[in-house]
Each structure stands twice: as C-alpha cells, then as structure tokens.
Amino acid sequence: MAKKISRNTFTMDSPPSIHSYASVVGQKEGEGPLGSCFDMVEQDAHFGQQTWEQAESEMLKRTVNKAITKGGLVPDNIDYMFAGDLLNQCISSTYGLRDFNVPILGIYGACSTMSEGLVLSSLLTDSELGGYIIAVTSSHFCTAERQFRFPISYGGVRTPTAQWTCTASGAVVLSPKAEAPYVKAVTIGKIIDLGITDANNMGAAMAPAAAYVIKTFLEDTKMLPSDFDHIITGDLGKVGSKLLIDLLKKEGIDISQQHMDCGCMMFDIEKQDVHAGGSGCGCSASVLCGYFLDKVRSGELKNILFCATGALMSTTATQQGESIPSISHAVMISNNSQPLG
Amino acid sequence: MEESLNAMFMDFLWAFIVGGLLCAIGQVLIDYTKLTPARILVSYVVAGVVLGAFGLYDPIVKLAGAGATVPLTGFGNNLVLGVKQAIAEKGFLGIFTGGFTASAAGVATAILSGLTVALIFKPKEK
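Chains A and B are the protein sequences, given in the same order. So the first sequence is numbered by my numbering: it starts at 51 and just counts up by one. So the second sequence is numbered by my numbering: it starts at 2 and just counts up by one.
It is worth saying that the hints were derived from the structure and are not from the lab. A few of these clues could be false.
[Claimed, not checked] Below, simulated SDA-like cross-link-like pairs (lysine to any residue); rule was C-alpha separation at most 20 Å, straight line:
#, chain 1, residue 1, chain 2, residue 2
1, B, LYS123, A, GLN77
2, B, LYS125, A, ALA212
3, A, LYS227, A, LEU179
4, B, LYS123, A, ARG196
5, A, LYS352, A, ASN386
6, B, LYS125, A, GLY98
7, A, LYS345, A, PRO83
8, B, LYS125, A, GLN104
9, B, LYS85, B, GLY100
10, A, LYS265, A, ALA254
11, A, LYS299, A, LEU274
12, B, LYS125, A, GLY206
13, B, LYS35, A, THR366
14, A, LYS265, A, GLN104
15, A, LYS299, A, PRO275
16, B, LYS35, A, LYS227
17, A, LYS227, A, ASP63
18, B, LYS125, A, LEU274
19, B, LYS123, A, ALA95
20, A, LYS265, A, LEU244
21, B, LYS123, A, GLN197
22, B, LYS35, A, GLN77
23, B, LYS125, A, PRO201
24, B, LYS125, A, GLN322
25, A, LYS227, A, GLY302
26, A, LYS292, A, GLY302
27, B, LYS35, A, LEU244
Since the model is a prediction, treat every value here as computed from it, not as a measurement.
Make a model of the complete structure from these sequences and hints.
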C-alpha cells in the first residue's frame, strides 16, 4: 500500500513498474537534438487526417498502440487509462481513444498532465487497484495555435518570444512490480500564482510551482538534489529554468547540477528558431518516454525526479486580464525497486 | 524621358521609405512590446483615422502614394475621407454611411480573396 508521509507526498510500498512506454513526435521535433530517441517521427503534420484535431487524436492513438505493443500486450489487457491534453474538453484524448474499448478517466493538468497521470496510476497500482494502467497525453502545434492563439489558416504573425508547442505524444503502461523503471514516490502539487499575466512568458509563471513541488518532495522524503541524476521540469524554457534555480537557491536548495528542462532539450534553440524552447503536454511526455526512461531502465540513470509543469489559464481568462495559475507534480522514477525510507 | 524616369524613381523611393517605415514600426511593436498583432493592426487603423481627421495624412499620401495608402493607416485615412465626403453629400447620415462606402472595395476584395485562397490552399505548419 502507498504510504502517505506528509500532506501531499506518498511513497510506494512496492514501487509500481513502468512496464512499457512510447513516444511519437512531428517533423520539427524529429529534427531536434533528441530526434533519434523517439519511437516514431511523423513527417506529415496532418498524420494522414483531414483536420489538425484529428491529427492530434491520431498521434495519441498511435502512441498508445505503440506503448501497448512494445509491452507485448493487446488493448484488452489494459484495465484502464488516464488521458488528457490541451484542447477544449480534452478531445484529442477522447476522440483518439474512443475505439479502444478500454475504461478511461479524462484528466486535465495542462502541460503537467504526464506527471498527473503518473501520480494517479502509481498510487492506484501500489494500492493494489492496478493491473495494466496507461497514462497518456499529447499536444500538437497547429491545434494549440488554434486553441490558444490564432488558427494557422489565419496566417497571423506569432510573437517571437512565444514558446513553440511541440507536436508530440507520450504514453506509459504501469503494472505491479515487474522490471525497471519504478515509480518510488510522488508529490501532488498545488496551484501557485504569483501574478504573471503575460501568456508569452509561461516559463516564469510556472517556475514557482515547480520550485514548490521540488522543495516539498525533497523535504518530505528527506532526500537531497545530489540523490538524483536529474531533476526534470516540463517546459520552463530558458527564463523559467533560471528562475527555478534562483528560487530554490533562496530556500537553500541547489539543483543547478541536476536540473534539466524538456522544453530546452527538445529543440536546437538557435538553429530551429525556437527562441523560448518547446512547450505542450507532449513535450515533457515524449522526452520522458523517448529519452529518460530508456536510460533509467538500462541503469545509466539511477534516480530521476520528473516534474512536468502546467499553466492552467484559458484564453478567456487571459483576455480578461487574469494572471496565470500554475501547477507541477513530482514523480520519482528509479532503476531499483527498493522502497524509500 | 530622363526626367520622367527620375520622377518615377523618386516615387518608388518615397513609397519604399514611407511604407517600409510604417512596417518597421509594426515590427518593433511586435518584438519589444506585449501588444498582440490584432491590437497593433487596430492601432494602425485608429492612427490613420486621427491623422486623417486633422488632415495630416494626405500630405504623406501625396509624397509616398501606395507606400501610405496600402498600410492599415491608409485604410483609417480612407474611412475619414469617406465620412467627410458623405457628410458633404448627405449631411448627418453620412457619418454612418461614409466609412463603409469608402472601404467597400477594400473589404469586399479582402473577403473574396480570403475565400479564394481558402478554397485553393491548405494551411501548413509554419
């Protein structure tokens, strides 16, 4: 049974295993420094579909299929899924998964969705309510532009400092104790809003939420940053990453040696003309599934702390001048199954 | 012959300088302020209306031709001219009809070309 060691941190008694995982990305992501890590790079931004929304659903569906087959399973083996994305009513997930005939719970955590799905699925698995559980999320540049900025067909000029929403998707299949990697502990984040209203500066808005969850996790589990090979955030970008390190330094925690940000890793910021780095649910999910999990499985990395970060505003709230509430959840993923503490 | 070539060259040059300057201001606003593109476009139209109302835009049009009429400030100026003319012809009612009459050609062209382009082309990832 998962143990509640503080208000919002839980350690796993018999750490659930990440049985299999998969990542699918678009062309631009495939051309980035991590291009060779992903399971599939699709050159057609439409994924063979009519609309961008259908394209994102198709990408998410392919990711789930890939994760299932990589684990030597069929959809009927999956007990239930947690899925979410950035679009209204999470339609990428619901339309992408409607043919699977697998029980499903939709979740929304903006770009923190992968962490949220991992928190929920590992808690349930360690409470012996699991089986094979999938956590999946996605984002697509063209659907996100329509949702949060302007439709691509409008042809508007993008603000150069805006982050680039990744066309990417990641899925993990959790199961009770099997092979590495294992989820050892999780911390549920809280909403933090320091009043930033600039939707083109989401990294700065999300950094305090990441700082809170990292600090809470380390204090509750009595661990140090040096216990981890990497402390990974979702899409803070350059500005947000620097802010996160500064915020934690003020609290006496130095993560400058361990910190990595998926948004900064996804693209070659100079060559690919992506000033602020990548963002989107699929950014951290695909980098986790494409890059980090393989290294934890092989033992190259012993422990990582994965903290996908989400900005919880909507276009309506932004237009009404509201600031950006943010959240991040922490998931400790390890190469060994020794429970913490 | 040489004189008319010279005059034509000067027309091109002024159109380039004035039109380019208006666009450069827009680029600076996008790069260095938090204004959204839509707000910048609307500000341009309003600026054209204000300049036109005080008669300050026509001298720029005389100097730069299309360099001043094609950017959105020219559209604002056009609205003012239309309203002024309609008031002269119809009196009070002209305040409401003039702007639309003057901009009808531009708006109709924009809608029709938008429709045509949407029919022919498929949007792509930038």
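Hint by hint, here is what the structure shows:
1. Between the alpha carbons of LYS123 of chain B and GLN77 of chain A the distance comes to roughly 18 Å, so the proposed pair stays at or under 20 Å and holds.
2. About 19 Å separates the Cα atoms of LYS125 of chain B and ALA212 of chain A, which keeps this hinted pair within 20 Å; it holds.
3. Proximity of LYS227 of chain A to LEU179 of chain A is assessed by CA-CA distance (about 13 Å); at most 20 Å being required, the pair is judged to hold.
4. About 15 Å separates the Cα atoms of LYS123 of chain B and ARG196 of chain A, which keeps this hinted pair within 20 Å; it holds.
5. A C-alpha spacing of about 7 Å is found between LYS352 of chain A and ASN386 of chain A, which places the hinted pair at or below 20 Å, so the restraint holds.
6. Taking the CA atoms of LYS125 of chain B and GLY98 of chain A, the gap is near 13 Å; set against the 20 Å cutoff, the hint holds.
7. For the hint pairing LYS345 of chain A with PRO83 of chain A, the CA-to-CA distance comes to about 16 Å; that is within 20 Å, so the pair holds.
8. Using a Cα cut-off of 20 Å, the hinted pair LYS125 of chain B and GLN104 of chain A holds, with the two alpha carbons roughly 15 Å apart.
9. As the CA atoms of LYS85 of chain B and GLY100 of chain B are separated by approximately 9 Å, the hinted pair is consistent with the 20 Å bound.
10. At roughly 17 Å between alpha-carbon atoms, LYS265 of chain A and ALA254 of chain A fall within 20 Å of each other, so this suggested pair holds.
11. Only pairs whose Cα atoms come within 20 Å are accepted, and LYS299 of chain A paired with LEU274 of chain A is accepted, the gap being roughly 13 Å.
12. For a cut-off of 20 Å, the pair hint linking LYS125 of chain B to GLY206 of chain A stands: about 13 Å separates their Cα positions.
13. A C-alpha spacing of about 17 Å is found between LYS35 of chain B and THR366 of chain A, which places the hinted pair at or below 20 Å, so the restraint holds.
14. With a C-alpha separation of about 39 Å, the suggested pairing of LYS265 of chain A with GLN104 of chain A is violated against the 20 Å cut-off.
15. Simply put, LYS299 of chain A and PRO275 of chain A have alpha-carbon atoms about 12 Å apart, close enough for the 20 Å limit, and the pair holds.
16. With a C-alpha separation of about 50 Å, the suggested pair LYS35 of chain B and LYS227 of chain A falls outside the 20 Å cut-off, and the hint is violated.
17. A hinted pair counts as satisfied when its Cα atoms are at most 20 Å apart, and LYS227 of chain A with ASP63 of chain A qualifies at roughly 10 Å.
18. For the suggested pair LYS125 of chain B and LEU274 of chain A, the alpha carbons sit about 46 Å apart, so the restraint of at most 20 Å is broken.
19. For the proposed pair LYS123 of chain B and ALA95 of chain A, the alpha carbon gap of about 12 Å is at most 20 Å, so the pair holds.
20. For the hint pairing LYS265 of chain A with LEU244 of chain A, the CA-to-CA distance comes to about 17 Å; that is within 20 Å, so the pair holds.
21. Between LYS123 of chain B and GLN197 of chain A, the direct Cα distance comes to roughly 19 Å. Compliance with the 20 Å bound is thereby established for this hinted pair.
22. For the hint linking LYS35 of chain B to GLN77 of chain A, the alpha-carbon distance of about 30 Å lies beyond 20 Å, and the restraint is violated.
23. Using a Cα cut-off of 20 Å, the hinted pair LYS125 of chain B and PRO201 of chain A holds, with the two alpha carbons roughly 11 Å apart.
24. Under the criterion of a C-alpha separation no larger than 20 Å, the hint pairing LYS125 of chain B with GLN322 of chain A is consistent with the structure, at around 17 Å.
25. For the suggested pair LYS227 of chain A and GLY302 of chain A, the alpha carbons sit about 36 Å apart, so the restraint of at most 20 Å is broken.
26. Proximity of LYS292 of chain A to GLY302 of chain A is assessed by CA-CA distance (about 15 Å); at most 20 Å being required, the pair is judged to hold.
27. Between LYS35 of chain B and LEU244 of chain A the alpha-carbon distance is near 19 Å, which keeps this suggested pair within the 20 Å criterion.
When the structure is compared with the earlier hints, violations turn up for hints 14, 16, 18, 22 and 25 and for no others.
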